[in-house]
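Chemist: Sequence:
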Amino acid sequence: MGESDPSSHNTPSEDILAEEFEFDGADGMSYQEFLQRIRRIAFREGKSRDSAWMVELAPLHLSGDALTWYETLEADVQEDWHLFRKAMARQYGGNAETKADGQYQIDPLSLITSELRVP
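Using UniProt numbering, read the sequence shown as starting at 1 and increasing by one per residue.
In short, the hints are calculated from the structure, not lab data.
Please read these numbers as outputs of a predicted model, since none were measured by experiment.
Glycine included, C-beta positions come from ideal geometry on N, C-alpha and C.
Heads up, some of the hints might be wrong.
[What the hints assert, rightly or not] Simulated restraints on C-beta separations:
hint	residue 1	residue 2	range
1	Gly46	Gly94	30 to 38 Å
2	Thr68	Gly46	16 to 24 Å
3	Leu60	Asp27	26 to 34 Å
4	Phe43	Glu20	14 to 22 Å
Generate the whole structure from the sequences, applying the supplied hints.
Modeler: Set out below in structure tokens:
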């Protein structure tokens, strides 16, 4: 009776950790797709409004240069979903990303920061 219910823990379960995708920052998926996959897992698990849960899950799906980059982030960025998303956009966003169909998608963060620059 002293055992706690594993579903009550606020950490990702083994099923979620078995999800087969990685973001390495170079090949494959864009950072937007990576963040969207994390959001979809969170939604499926009933954690879509749990920022702490999502930011704990994200680095488990990083590899290579992206994992090395993550390890250099300040603790507050590693622990805050909003700050982590901003850091991902700064690191991997650029001004435009090529989508699989060859069309370009403008990174909204780059538009905001370019509007704030003083000539």
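Chemist: Does each hint hold? Answer for all of them.
Modeler: Structure-based check of all given hints:
1. In this structure, Gly46 and Gly94 meet the distance hint of 30 to 38 Å, their C-beta atoms being roughly 34 Å apart.
2. One distance hint, 16 to 24 Å for the beta-carbon pair Thr68 and Gly46, is violated here, with the actual separation near 32 Å.
3. A hinted range of 26 to 34 Å for the beta carbons of Leu60 and Asp27 is inconsistent with their spacing of about 19 Å.
4. The hinted range of 14 to 22 Å is satisfied by Phe43 and Glu20, whose Cβ atoms lie roughly 18 Å apart.
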